[in-house]
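Trainee: Each chain, letter by letter, is given below.
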Amino acid sequence: MTYIKMSPWKNFENAAKRMSQFAGELERGLTIESGSFSPRTDIAEDAEKYYMCIELPGIQKEDVKISVNEERELTIQGTKNAIGNEAKSLLKSERAYGTFSRTFLLPENLDLQKISAKFENGILELSMPKIEPPQPKEYEINID
Amino acid sequence: MALVRFDPMNGFNSITRKMNDFISDFDKGLSVEFGGFAPRIDILEDEKTLFVQAEIPGIKKEDIKVKINEEGMLCISGEKKRTQNEEVNQDNFKQIRTERNYGTFSRSFILPDNINKESIKAKFENGVLDVSFEKSAPEAPKETYINIE
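Same order as they appear, the protein sequences are chains G and E. Residue numbers for the first sequence follow this note's numbering, so the first one is 27 and each next one is one higher. Residue numbers for the second sequence follow this note's numbering, so the first one is 131 and each next one is one higher.
Think of the hints as simulated: they come from the structure by calculation, not from any bench. Only a predicted model underlies this, so the values are computations on that prediction, with no experimental measurement involved. Heads up, a few of these hints could be off.
What follows is a list of derived Cβ distance ranges for each label pair [to be verified]:
no. : chain 1 : residue 1 : chain 2 : residue 2 : range
1   : G       : E120      : E       : N219      : 34 to 44 Å
2   : E       : Q220      : G       : A143      : 17 to 27 Å
3   : G       : E96       : E       : A168      : 34 to 44 Å
4   : E       : P242      : G       : P159      : 52 to 62 Å
5   : E       : T179      : G       : E158      : 53 to 63 Å
6   : G       : E96       : E       : N244      : 54 to 64 Å
7   : E       : E255      : G       : P159      : 37 to 47 Å
8   : G       : N107      : E       : P242      : 25 to 35 Å
Computed cross-link-like contacts, EDC-like style, restricted to lysine to aspartate or glutamate with a CA-CA straight-line distance of at most 16 Å [as the list claims (entries may be wrong)]:
no. : chain 1 : residue 1 : chain 2 : residue 2
9   : E       : K224      : G       : E74
10  : E       : K178      : G       : E112
11  : G       : K114      : E       : E255
12  : G       : K75       : G       : E158
13  : E       : K190      : G       : E146
14  : G       : K87       : E       : E255
15  : G       : K144      : E       : D260
16  : E       : K224      : G       : D72
17  : E       : K211      : G       : D68
18  : G       : K118      : E       : E229
19  : E       : K224      : G       : D68
We treat Cβ as the ideally placed atom computed from N, Cα and C, and that holds for glycine.
The following block holds chain G by itself, in its conformation from the complex (with noise of 0.2 Å):
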């Protein structure tokens, strides 16, 4: 008969670590996508920066809305209307339309209130800089 050491926590620390290792990674990850289709988006990273470029075109800057919660998901979203071909009929449509909105967990060493973007040629390139990840804060507990 073998002893095994009891831990109340011991399962839900190693799923909730399997998840986060699975969804925070931006390479394999996961993202959360919802809508009528899915920007193609690609990932980069320097020493300095991680940079996004989402491919939008025939989208105007007032249609795409980013947002980042405390949560650290960053979440891009809005609606690609084909603006000017409403009166014209369709001949051929590979071109996707309508809603998107697609949800990226961003890595801890990524400083959430220094995010830029910018919105060029039907591309949107957001610029993050890395900063040093939050040390988890040690606290002494003194004994009576």
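Could you slot chain E onto chain G? The hints should help.
Mentor: Okay, now just chain E, sitting in the frame of chain G:
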């Protein structure tokens, strides 16, 4: 035993007919494509104009070529290169995720008869190339009489 008339051209006729049907059907959107990827294209029309819109975000205008070739087909081609903005530090540069397509592309389309090829106009904004043609009345087939000597 059945007698079958010998027609040396028979096989060729049906192949040519099938190829012609295949190639000349502009409305079904058949097109010839080469290259690393194929930009998505919509074709639209209103009463007076035919529009061909191609999504090519992230490319410079000088890297796109629009032409009408010797066979009267519209050809949209070019090369989409990976560009970096200037602030990127090339040391320690790592591409983490690639979903975008890059490389050369070429798509050609047969134009319908009721198009005035010389009225072609092209503009490129917001990553969309918009090529337009004015419609014209289709030419009536000409009749010519042949003198018999």
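Trainee: All the hints need checking, so say for each whether the structure fits it.
Mentor: Hints, verified against the model:
Evaluation of the 34 to 44 Å hint for G/E120 and E/N219 yields a pass: the beta carbon distance comes to about 37 Å. A hinted range of 17 to 27 Å holds for the C-beta pair E/Q220 and G/A143, which are about 22 Å apart. At about 41 Å, the beta-carbon gap between G/E96 and E/A168 stays in the expected band of 34 to 44 Å. Hint check: E/P242 to G/P159, Cβ distance near 60 Å, so the stated range 52 to 62 Å holds.
For E/T179 paired with G/E158, a C-beta distance near 57 Å keeps the hint of 53 to 63 Å intact. Roughly 59 Å separates the CB atoms of G/E96 and E/N244, a value that falls within the hinted 54 to 64 Å. Checking the proposed 37 to 47 Å range against E/E255 and G/P159 shows it holds: the Cβ atoms sit about 41 Å from each other. Taking the beta carbon of each, G/N107 and E/P242 are about 27 Å apart, inside 25 to 35 Å as hinted.
Taking the CA atoms of E/K224 and G/E74, the gap is about 12 Å. The hint holds against a cut of 16 Å. Taken as a hint, the E/K178 and G/E112 pair is honoured in the structure, with Cα atoms around 15 Å apart against an allowance of 16 Å. Distance hint between G/K114 and E/E255 is unfulfilled; the C-alpha atoms sit about 19 Å from each other, more than 16 Å. Simply put, G/K75 and G/E158 have alpha-carbon atoms about 12 Å apart, close enough for the 16 Å limit, and the pair holds.
For the hint pairing E/K190 with G/E146, the CA-to-CA distance comes to about 11 Å; that is within 16 Å, so the pair holds. Using a Cα cut-off of 16 Å, the hinted pair G/K87 and E/E255 holds, with the two alpha carbons roughly 13 Å apart. For the hint pairing G/K144 with E/D260, the CA-to-CA distance comes to about 23 Å; that exceeds 16 Å, so the pair is violated. Pair hint E/K224 plus G/D72 holds up; C-alpha atoms about 6 Å apart against a cutoff of 16 Å.
A C-alpha spacing of about 13 Å is found between E/K211 and G/D68, which places the hinted pair at or below 16 Å, so the restraint holds. This hinted pair does not check out: G/K118 and E/E229 have alpha carbons roughly 24 Å apart, beyond 16 Å. Restraint check: the Cα-Cα separation between E/K224 and G/D68 comes to about 11 Å, which is no more than 16 Å; the hinted pair holds.
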